[in-house]
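Given the sequences, and given the hints that come with them, work out the whole structure.
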Amino acid sequence: MIRYVTRRLIQMVFLFLVFLTVTWFLLYILPGDSVALKYAGNPNIPPQAREVAMERLGLDKPVLIQFRDYMFNFFQGDLGVSFNQYPRPVVDIIAERLPRTLVLFLAALVTYYWAGFVAGKYLAWRRGNRGEMLITVSGVGLYSMFLPFFALMLIWLFSVQLGLLPLSKFLDPEQWRDAPFMANQVFMRLFWVTLAGGIAMFGASFFALRTRSRRLERGLKWGGFVLAAVWILFYWWGTESGQAMRVYAGDIGFHMILPVLTLTLIAFAGVMLLTRSSMLETLREDYILTARAKGLPEGMVRDRHAARTALLPVVTSLVLAVATVIDGGVITEAVFSWPGMGEILISSVLSEDIPVAVGAFSFIGIMALVGHFVVDVLYGLLDPRIRVTEHG
Amino acid sequence: MTTRKLPLEVSAGRSRLLEVDGLVMRYDTEAGEVSAVENVTFSLGRGEAMGLVGESGCGKTSVALSLLRLAPDNARYQSGSILWEGVDLLELSDQKMREYRWAEISMVFQGAMNAWNPVYRVGEQIREAMDQHFDPPLNKSEKDQRVDSLFQLVGLDPALQTRYPHELSGGMRQRAVIAMALSCEPKLIIADEPTTALDVIVQAQILEELKEIQEDLGLSILYISHDMAVIAQVTETIGVMYAGKLVEFGSTREVFHRPRHPYSYLLLSSIPSVTGPRRRPVSLEGTPPNLLAPPAGCRFHPRCPWATEQCRTEEPPMMEIGPSQWAACWNSEQVPEMGEQLP
Numbered sequence: 001m002i003r004y005v006t007r008r009l010i011q012m013v014f015l016f017l018v019f020l021t022v023t024w025f026l027l028y029i030l031p032g033d034s035v036a037l038k039y040a041g042n043p044n045i046p047p048q049a050r051e052v053a054m055e056r057l058g059l060d061k062p063v064l065i066q067f068r069d070y071m072f073n074f075f076q077g078d079l080g081v082s083f084n085q086y087p088r089p090v091v092d093i094i095a096e097r098l099p100r101t102l103v104l105f106l107a108a109l110v111t112y113y114w115a116g117f118v119a120g121k122y123l124a125w126r127r128g129n130r131g132e133m134l135i136t137v138s139g140v141g142l143y144s145m146f147l148p149f150f151a152l153m154l155i156w157l158f159s160v161q162l163g164l165l166p167l168s169k170f171l172d173p174e175q176w177r178d179a180p181f182m183a184n185q186v187f188m189r190l191f192w193v194t195l196a197g198g199i200a201m202f203g204a205s206f207f208a209l210r211t212r213s214r215r216l217e218r219g220l221k222w223g224g225f226v227l228a229a230v231w232i233l234f235y236w237w238g239t240e241s242g243q244a245m246r247v248y249a250g251d252i253g254f255h256m257i258l259p260v261l262t263l264t265l266i267a268f269a270g271v272m273l274l275t276r277s278s279m280l281e282t283l284r285e286d287y288i289l290t291a292r293a294k295g296l297p298e299g300m301v302r303d304r305h306a307a308r309t310a311l312l313p314v315v316t317s318l319v320l321a322v323a324t325v326i327d328g329g330v331i332t333e334a335v336f337s338w339p340g341m342g343e344i345l346i347s348s349v350l351s352e353d354i355p356v357a358v359g360a361f362s363f364i365g366i367m368a369l370v371g372h373f374v375v376d377v378l379y380g381l382l383d384p385r386i387r388v389t390e391h392g
Numbered sequence: 001m002t003t004r005k006l007p008l009e010v011s012a013g014r015s016r017l018l019e020v021d022g023l024v025m026r027y028d029t030e031a032g033e034v035s036a037v038e039n040v041t042f043s044l045g046r047g048e049a050m051g052l053v054g055e056s057g058c059g060k061t062s063v064a065l066s067l068l069r070l071a072p073d074n075a076r077y078q079s080g081s082i083l084w085e086g087v088d089l090l091e092l093s094d095q096k097m098r099e100y101r102w103a104e105i106s107m108v109f110q111g112a113m114n115a116w117n118p119v120y121r122v123g124e125q126i127r128e129a130m131d132q133h134f135d136p137p138l139n140k141s142e143k144d145q146r147v148d149s150l151f152q153l154v155g156l157d158p159a160l161q162t163r164y165p166h167e168l169s170g171g172m173r174q175r176a177v178i179a180m181a182l183s184c185e186p187k188l189i190i191a192d193e194p195t196t197a198l199d200v201i202v203q204a205q206i207l208e209e210l211k212e213i214q215e216d217l218g219l220s221i222l223y224i225s226h227d228m229a230v231i232a233q234v235t236e237t238i239g240v241m242y243a244g245k246l247v248e249f250g251s252t253r254e255v256f257h258r259p260r261h262p263y264s265y266l267l268l269s270s271i272p273s274v275t276g277p278r279r280r281p282v283s284l285e286g287t288p289p290n291l292l293a294p295p296a297g298c299r300f301h302p303r304c305p306w307a308t309e310q311c312r313t314e315e316p317p318m319m320e321i322g323p324s325q326w327a328a329c330w331n332s333e334q335v336p337e338m339g340e341q342l343p
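Heads up: the sequence lines are chains A and B, in that order.
Under our numbering, the first residue of the first sequence is numbered 1, with each subsequent residue one higher.
Under our numbering, the first residue of the second sequence is numbered 1, with each subsequent residue one higher.
Quick caveat, the hints were computed from the structure, so don't treat them as lab data.
Where hints are given, some of them may not hold.
When the alpha-carbon atoms are kept at most 27 Å apart in a straight line, the in silico DSS-like pairs for lysine-lysine are as follows [what the hints assert, rightly or not]:
hint, chain 1, residue 1, chain 2, residue 2
1, B, 187, B, 96
2, B, 187, B, 140
3, A, 221, B, 140
4, A, 221, B, 143
5, B, 143, B, 187
6, B, 187, B, 211
Encoded structure:
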């Protein structure tokens, strides 16, 4: 296992180097440059000033030198400075944007995977009743919906007509005027607190799968859920730092409802159909018949034997979903005016703010690689057939 | 349908464990009603080994699954009963039926390679069954002990129980399946093609062992196979099924040496004999009928070389032919003689 992880880590570093190189050159060969974009149309700028600007940004050096410098600095943690917000460091910009994107999209990802998996599981199990048709058709209908249009419709319905949810942005500036915290601190706190709860829940359901008593299994599942809920409630109401931040965290959460809902409605059908077909395939297997013949209760056959094995391709698709968190995010963030990574991706590429663009892309690359890695490890835990052995 | 109660028991004197009487089961499909099990009657004594043979799709697996009430959702029982020690299994509540499964009747499935869930350890899957059926529940060490002794019984190293199914060979998996089938002390094991996917040597070993276990533990076994030779080695009683119907039933010896239904006769003659007199194997022409619209009269008449007008119109009932032999054929008396005249 250790050997496998080490090998994978080395592969990841190598792959990342390739990714970064390709990204850097792709962005470099974009026609024009940041300085030209800014000053070309302005006749009052003397050519000397333009040259000074080029020199200051390092754009006058040969391309390979620029590339070498960038790579050296990158691995020392220096991603350069933004051309547009000179001299603000890129790391600073990303540190500001990343938590917002991460919190929003991880929340959406977890919600729609969970909803899709549960829906797919029941669809396959209760095959052929009337509800199945309704859920499948509406799910597929939503799945084929154009996201910006659908998002606008939901905004129109919930924010404009019903006035229940905020229109856009991630917080309400009036509430935050005298806030003693930066929004990002709250985001990070939200992230860690929820992650801790999520890990508790995941751990409990992992152990639940390993018990053979139905009652203990159910107990562990609900126990994990309650534990996570208690922890989250305790944190925001019971601890001092939690109490102080609660109002602001609540405001952010309130702003997240609509984007998460939109993404979930659009994306859950994909997971649902995948789970459904995978589960239908599993249900035809002899070991399901064996499980029934053994006199196991139906719920146990469904959850422990059918759904457990049907989970495998769903986990694989999670890899792809990690990437869509970012690219689907570009559009979603734009519609909801959510100032996250997606927004700087577009603006930096359009204005040829190359350090910011490369920096943002490199984070997407890192997230995709880490996602792959996590899924590989998870898969090994879930499927003994591909578990890595020492000699493998 | 009929009130006539055929005893159809070969092992007379032994107490009856299972009595299937006039079982009619149909599958509802989009194309129509498939008559999968048609008026099947037989009984099985305690400690008896019985075989059901027939081509694929003749309804033998449907009968087997009915005994556990595991037939697919579109199966409908139209009449008949399955009495297990006097209790009609078709009348039981789902909950009650669940308690009967594995504790009373267990099963070794067709293609037992896939009978294991790939993501759990073999021992775990056996313990899972034991967790359901012992009252009071077994504690951990009792279960461990049981699994160990079951593994020894079927000739496996108990250490193998911590392996995953894919880590075992085909023969090991099959032996472990038998251990699992024995785990809750059932009275009857249904062995549906128990050795089909194995090589001939392992096949013979496993059949031998299964027979020994059956005799030692006083179990009943219902073998289901398309292979008459396999069935003949290990059973006392044999039932031949064709197109959803039981066409011949009797002691294995009688049926094997003097088949009285043309179908059994042709099925047997299609196996070349190594030791007996030299003769050409006879081939059984045609395919089983479409059960959406089974032929009128005897269901075998389109393929039967001796079919008469009566066979085309009138359905033959099960008729007693000898002390322990029944056949559903109008001309059963002449079957062996007619067979001699075949080219």
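Now for the hints, and whether the structure bears them out:
Only pairs whose Cα atoms come within 27 Å are accepted, and residue 187/B paired with residue 96/B is accepted, the gap being roughly 17 Å. The suggested pairing of residue 187/B with residue 140/B holds, with an alpha-carbon distance near 24 Å, which does not exceed 27 Å. Proposed proximity of residue 221/A and residue 140/B is supported: the alpha carbons are some 23 Å apart, at most 27 Å. Annotation: proposed proximity of residue 221/A to residue 143/B holds, straight-line Cα distance about 25 Å (limit 27 Å).
Simply put, residue 143/B and residue 187/B have alpha-carbon atoms about 20 Å apart, close enough for the 27 Å limit, and the pair holds. For the hint linking residue 187/B to residue 211/B, the alpha-carbon distance of about 14 Å falls within 27 Å, and the restraint holds.
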